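K.L.:
What follows is each chain in one-letter form.
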Amino acid sequence: MTPPVITLTTDFGYTDPFVGVMKGVILYLNRDAVIVDLNHGVAPHDVRGGAFSILTGFRFFPAGTIHLVVVDPGVGTTRRPVAVKTANHFFVGPDNGVLSWAMAADAPCVVREIRNKDFMLDEVSSTFHARDIFSPAAARLSLMGKADDWEAIGPEVTDPVIIPFPEPVVTESGITGEVVYIDRFGNLVTNIRPNEDAEYTGVTVGDAPAIRVNGLSRSYEEGVGKDLILVVGSSGFIEITKAGRSAKEAVGAKTGEKVGITCGGGGQAP
Amino acid sequence: MTPPVITLTTDFGYTDPFVGVMKGVILYLNRDAVIVDLNHGVAPHDVRGGAFSILTGFRFFPAGTIHLVVVDPGVGTTRRPVAVKTANHFFVGPDNGVLSWAMAADAPCVVREIRNKDFMLDEVSSTFHARDIFSPAAARLSLMGKADDWEAIGPEVTDPVIIPFPEPVVTESGITGEVVYIDRFGNLVTNIRPNEDAEYTGVTVGDAPAIRVNGLSRSYEEGVGKDLILVVGSSGFIEITKAGRSAKEAVGAKTGEKVGITCGGGGQAP
Amino acid sequence: MTPPVITLTTDFGYTDPFVGVMKGVILYLNRDAVIVDLNHGVAPHDVRGGAFSILTGFRFFPAGTIHLVVVDPGVGTTRRPVAVKTANHFFVGPDNGVLSWAMAADAPCVVREIRNKDFMLDEVSSTFHARDIFSPAAARLSLMGKADDWEAIGPEVTDPVIIPFPEPVVTESGITGEVVYIDRFGNLVTNIRPNEDAEYTGVTVGDAPAIRVNGLSRSYEEGVGKDLILVVGSSGFIEITKAGRSAKEAVGAKTGEKVGITCGGGGQAP
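Chains as they are written, first to last, in the numbering used here: chain C, -8 to 261; chain U, -8 to 261; chain L, -8 to 261.
Looking at chain C on its own, in the form it has when it is part of the complex (with noise of 0.2 Å):
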């Protein structure tokens, strides 16, 4: 049988040698599995971006892929280490909610508790449960040849931690939401789907003054010579960009910052 993929998403950053532990540790103990980096650039501790970083990933591997996402900030302490089945993958990590929304758009999902020895190093330390316990885990289960054997793994989760994603609330003259992400480009990526009846006419962030839009624009090239632009980025939803330069940068945006887009109709636009 061929082996699944192991995608490794965590907040570990390229200066540490934490990441290429993890590596030798599931080539240890299966060394035909093929591991992909899915992002460990996460801000330190951003659980939300770790969240949303595997939601708009995880979809592009293949079917049984092993999804070992470590945004961690309350290692050693008693939350939980879980693992997830979800109706095409399996997701490894803490029960932080750093899972909520990938399990959310690959339901329906069973949550166990990671708590079998067998799935976990001889010594555990803690403060390095990728190592110690997500790897070995994650290697685990890519070596199980029964879909059902997974259940040794631990109980049952009934009451995982769940992180609602933030969702968008339609107003008068549009639809205010929040920036969920921020790409290394500077693009600030909305929670906001877009809907192909409305005529978008004008956006703010945060407490900017709002800026006329005509639309949304098919590339980000369309800026170009313009304040900001509406793009629907590549994960789906509604992005605030400025051609050739970081939107971020322009208008001094966070993630979480509020967003307000102005929908068609004349008067209420800015």
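In case anyone wonders, no lab produced these hints; they're calculated from the structure. Only a predicted model underlies this, so the values are computations on that prediction, with no experimental measurement involved. No false leads were mixed into what you were given.
Given that identical chains are not distinguished, each listed pair holds provided it fits within a single copy or across any two copies.
Only pairs whose alpha carbons sit at most 25 Å apart, straight line, appear in this in silico SDA-like list of lysine to any residue:
id : residue 1 : residue 2
1  : Lys245    : Gly235
2  : Lys108    : Glu212
3  : Lys245    : Gly32
4  : Lys245    : Ala234
5  : Lys217    : Pro35
6  : Lys137    : Met111
7  : Lys217    : Thr68
8  : Lys217    : His36
9  : Lys217    : Gly65
10 : Lys249    : Val223
11 : Lys217    : Ala34
Given the coordinates of chain C, assemble chains U and L onto it according to the supplied hints.
P.N.:
The following block gives chains U and L in isolation, referenced to the frame of chain C:
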């Protein structure tokens, strides 16, 4: 048949799941692909930086390797997605010149527009062609049994966008060129290839005063206690370096900055 | 035979194609090699940072793994390129001490100079031995059928450059050591191993005033609302950390900074 290696060069950086998603798409289509990151630290939208990265890197990979190069500010516009077969390699990327230096270095080459929908994902966004067109195209190419099968990808392009490599100019007192690349250590890579017969005596970067040098140094460490020195870098071009420090910071240079190197004979040296 | 894993640790960073080119060379020679990045974020020319990365990482890889470690400010000078066979692993890198802590941790070891041209590329530059000597040497080692074949690589080196690991010193009031590594989260990793019998009561970093601590904390999160706390980090050494913040920034510490930890008994605590 051993499946070919696929390399990835982008300006996507290391803080987002973009590159990981590309790998998911490739593995989804070809579970046996061997994927290698060549460089994802190209500065955002720096087409020349991408062109130089792949120019210096491609030749060290096995023949038949497929090189995916995506620095693509024009994604979603009319710029064409292309695949290129050169003497020994394949290249996939936007038709914006990012491939042109590698193409010239591994001529002859045939360029085709990626137009066959079988080489794309079912849904193609206007903002992430690396995921929706370039990665699946590379994966499909990696599954080709016979070399000629690749022609199905789309029609030949006879007028690909070419960025001419900036050639240095011989002057009365030496040679003038420019900084084509600056590496992590702050070494200034020029477009000037070493001439064994030349006696290099001085160097100027931009408008800074000339600095005396004593020919080509053999190692970076020879510069200890000196101002700038000249070294033949790993790309085969002359580099301007400063031992134990960043030459970039020492002289405040940028890519594209003019460089003058004076040669032998006495009078013309600074 | 399953080909061994090859790990890569360098100070090459993530903005240039250097690491990708190393992988090209390795795959060119051994298409079945499994290559793992251990850490490329070692600070430029920081030999001790590289030494600590490989010290904490190597043991989690399968026996027989070949660890390539290149932090090499002396490339092109007379410093020797070496390969080392330890009790369970192989190491390849410059003879500048970067391997010495891992060597001590997996003794006994035999060091050989890489002198056989069959273990190098045909053309060897003076500026990129990672590509021209270390990568091909690692690839050749990974193709060895019998363990003893590696002796062909070159003559034994009896006087390798050794950087002594900085051992802490027991004092009247506790123990003094130094910061040997600072990770992405700003945790200060010391050279002090925890003593189960000690009651740690205070800590000083550099010339900063002493801070009272209450023994070893079990998790980073225990430090919430406190000043610095002490934690046994994943490397087995005591770390000085600050919950939710960078201890590095909080105390302005650098690698090499002196650390004092006071122990039990009352009077000597700050």
